[in-house]
Amino acid sequence: MWHRWQSRHAPYLFISPFLILFVLFWGYPLVQSLRLSLFATSGPNSEVFVGLDNFHFLLRDPDFHLAVKNTLVYAFFAVGVQLPLSLGLAVLLNRRGLRLPNVFRFVFFSPHLMGTVFASVLFGLIFAPRFGVFNRVLHLAVGLPMNTRWLGDANLVMPAIILLSLWLNVGFYMIYFLAALQGVRQDLYEAARVDGAGPWMRFLHVTLPGIWPVTLFVLVISTIGSFRIFELPWLLLQNTTGPDQSGLFVVTYLYQKGFEAADLGYASAIGWSLTASLLVLTLAQLRFGGMARGVN
Amino acid sequence: MSWLRDKLVEVLPIGFAPTVMLVIAVAAGGYLLAVDREAKKPDLTVWTFSNTHFDAFRQSVPDFQRRHAPLEIDLQLVQYRVLDRRLRSAMWAGLDVPNLVELNFNRAGTFFRGPIDKVGFIDLKPFLERTDSTGMRYLDRILPSRLAAYTNRGRIFGLPHDVHPHAVAYRRDIFQAEGIDPDAIRTWDDFIKVGHLLTIPDKRYMIQLDDTGVLSFEALLLQRGGGFFDAEGKLMIDSETAVRTLLWFVPLVAGPDRIADNPASQGQAFYKAIGDGYVLSFLCPDWLTSKIEMNLPHLSGKLALMPLPAVTPDGRRTTVRSGTMLGITTKTPDPELAWALATYLYFDRARVGQRFRATNTLPPNRDAWDAPAFHEPKAYWSGQRIGELYIALAGQVPTQYSSPYQELAAEKVGQVIAGACAYYRLHGKDGFESFVRGRLNQQARAVRIQMQRNPF
Amino acid sequence: MKVIRVTLTYACLAVIAIVMLTPLVWLVAAAFKRGEDFFIYDFFPPPGRLSVTNFQSLFRQIPFLRFLINSLFVSSATVVVQLALSSMGGFALAKYDFRGKRAVVLLMLGTLIIPPEVLLAPLYELIYRMGLMDSYRGLIAPHAVSVFGMFLFAQSMRQVPDDLLLAGRVDGCTEFGLYWRIVMPVSRPMIGAFCLIAFMSSWNSFIWPLIVIHGQERFTLPLGLNQMLGVYKEDYGALMAGTLLSVLPVAVLFFALQKEFIAGLTTGAVKG
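Protein chains in written order, with the working numbering: chain G, 1 to 296; chain L, 1001 to 1456; chain C, 2001 to 2272.
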């Protein structure tokens, strides 16, 4: 009796704990955040209905505009430099007959193991003027002045953040590309070679199309990831937004408005603008990515 | 290693990793459960964000506990920004609210807004107005300008910890070598003249001033009778005084004739610049002197203090910036006991004398200033009685008013300063005044928009 | 020609490897370097000047051990819960057809695109109303569901031959028995990968604990180190000692589960 009942209802039993918690901690807050974005709050206890005022203010808010600009600049460079670098590394590592590939793979991956939080604390010191090892190395190599304030000069903060992000993530995405490269059929390369294609042509016409699904995947997740940046600059700049707010990003602003100034409503509005733009961007990437693949 | 794994895999059905996780979870969880169960509920909870205050309180608390035994006081050091959120959260929830909380001047204002009866701190005015056994009231003993910082709509929500009078610390040895008499420097004009004599571009600057933020500017603005907010909490960063001060300030630290540089405003880089003689002087509030002593031991006997140069020949020779307060929250069941602890930690004669010896910080209660600790010559500062110097300056300290938007205003003004310095470096005086006015007005508008947006 | 290419390849790889490793080496050196020596020696001081005073400072200044245990507890408990829920859910998705399955999958796909930051404010309010603010449960509960984990297990469990399950049913096994005795043991590599990925994610998590946890007794390591940044930031040595100790557990775990980890990561991508 029980046996038959549980046999029929088993899938629901298996999936219901997940579903219940999902609705409670994902679905309900998602809906609530829509509601919250129409209010101004002072902590979770007091709220005032303001309608679309939060969104109107977002359009006029100079700090928000700065946060968006910084986020876009970061996303552009982080993704734009990261992808070719990771791919390049994977190509290098994938060469036949390369010795110690696993050692290299581990070495390139180890920064990611450190985790964004702890790496940012570490790099707060590495980028320090006068004794930071980054300045030291560059000083020895190209004569950079030892007191370059990577984290104290508004123009240098973004490059520093991007460099740290590259250090952390290149190895991580390389793993994906490595797996993809290993999935490309070798006979296609042979055919191309027979046709007289040089290494670069082979790369363009065999490798790239072959790894395109993974490339698109990496493009999408690294874009989404870079829009969500918060811990890296926050800890690198030691709980501040840096000189002239050069380290202010959208999620940073969300955190400041929601949890330091305690206006959860405004924070929700910021969250939704992030979500909306990411949705559009991701769909656009998938659409055009699909088309590019078709062409190839 | 892998034979061990294989053996374990036989024994554990779901595998090595999850079992390890489970073991860790149970072990760690069990430990935490056991430890937390033992914790006793304290009678009074005190929070501070400063490790120097924490160390000082740690020494005072046992005495107080003994005097009022049995008494359990929980003293906690909470990180600056976290303390803010934690306190606010606790006040909303009504749970785990501490009894005594130290707040930095920058954040204090945020706790005074909203309906006056909903403020989470008790009004200390009635306590301050009591006459004690010596016939004096605390209200008379404490420097009024410091109480004003934590007063809101007539209620006093915090006891000031400090006075923070500013002097100028300078390299006495280098001044002597160059034949400069510090006593002859009376006004800023005198100071700037000497600055031009002593400054060697790229090698040595007369003074360190902050050109990316408000650390120097705010103090100098206050010296001139300006400030970020007035007594009613209205924004003043675009006032005429502010404009004039900024127009005077920027050429000091930017451009061809500057006498100031900013290698850093704090931290190791700051100390190194002083130690190297890269900057010959710097604005020195009382608390900074002890940090200097700690970080630059090899400069002992080479540094000295002089009063701040005045703006006009008979103007005030000091200024102020920031500070700390101690408040008693409304969730305190025994306010009398809390008051006793607060005044003990902050104003006890013996304690403040000791505190001065350790940190050179002047307390705001004038009656304690005759204690011998404040009149000792300090070998580090070339034998100067720096306590007496700061006491002499204390009376002239300008009043600084707190506001919930203090940090926002500071950030915005900091941006104006950075922008103005960049402009001046490129264009000099050409169009400089209208640039400064424009920027200050713009940022003042931005702050006012935020101030108006808040329905609370 | 070929020799040049090979040398160039190794040279490139070597340079990049040095770039990747230098900060880590510096970290280790800094943890054992006295404060004054930071301005004198770039990496390691001479063996005579190596010292453990940084670690002593670390333990004296902040309750590091407590933070470590907090992190261990929260991360391992989170992994255990996520593992249970995700593997069961993944099993349902992989081996059953049920009403609403399509909807569930679509829902889950949607969450992958929506950034969790949009949930921070309302989740905070929810946790507050549930009375879970500033508690371990408040940290673990919202992360009990791992959509990523569900997909991972659904993917890998699909590979389990249906015949095995059929045979089990014929033998009178309950559905849960199938899950526990047949499918899970076969999925051990994926379980290992998931444990590591989930542990790392929880160990390094910062913004949620930052918002939810207020009492220092409940700080996890990221919060603890952040506290050092605010209060003891001048003590570079202790800060680096704390950072080094904080990354060791994950490094150890990774060594044990390296192969599974890589396999788990790439399963998601190559199929995606």
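If you're looking for bench data, these hints aren't it; they were derived computationally from the structure.
Fair warning: this is a prediction, and the values are worked out from it, not measured in the lab.
Be aware that one or more of the hints could be misleading.
As the list claims (entries may be wrong) - List time: in silico DSBU-like cross-link candidates among lysine-lysine, alpha-carbon distance up to 35 Å:
id	chain 1	residue 1	chain 2	residue 2
1	C	LYS2233	L	LYS1291
2	G	LYS69	L	LYS1234
3	L	LYS1331	L	LYS1234
4	L	LYS1272	L	LYS1203
5	G	LYS69	L	LYS1429
6	L	LYS1378	C	LYS2233
7	L	LYS1203	L	LYS1378
8	C	LYS2233	L	LYS1272
9	L	LYS1302	C	LYS2002
10	L	LYS1041	C	LYS2233
11	C	LYS2259	G	LYS69
12	C	LYS2002	L	LYS1331
13	L	LYS1203	C	LYS2233
Structure-based check of all given hints:
no.: 1; hint: LYS2233(C) with LYS1291(L); in the structure: holds (14 Å)
no.: 2; hint: LYS69(G) with LYS1234(L); in the structure: holds (31 Å)
no.: 3; hint: LYS1331(L) with LYS1234(L); in the structure: holds (30 Å)
no.: 4; hint: LYS1272(L) with LYS1203(L); in the structure: holds (14 Å)
no.: 5; hint: LYS69(G) with LYS1429(L); in the structure: holds (31 Å)
no.: 6; hint: LYS1378(L) with LYS2233(C); in the structure: holds (28 Å)
no.: 7; hint: LYS1203(L) with LYS1378(L); in the structure: holds (30 Å)
no.: 8; hint: LYS2233(C) with LYS1272(L); in the structure: holds (17 Å)
no.: 9; hint: LYS1302(L) with LYS2002(C); in the structure: violated (67 Å)
no.: 10; hint: LYS1041(L) with LYS2233(C); in the structure: holds (31 Å)
no.: 11; hint: LYS2259(C) with LYS69(G); in the structure: violated (40 Å)
no.: 12; hint: LYS2002(C) with LYS1331(L); in the structure: violated (79 Å)
no.: 13; hint: LYS1203(L) with LYS2233(C); in the structure: holds (29 Å)
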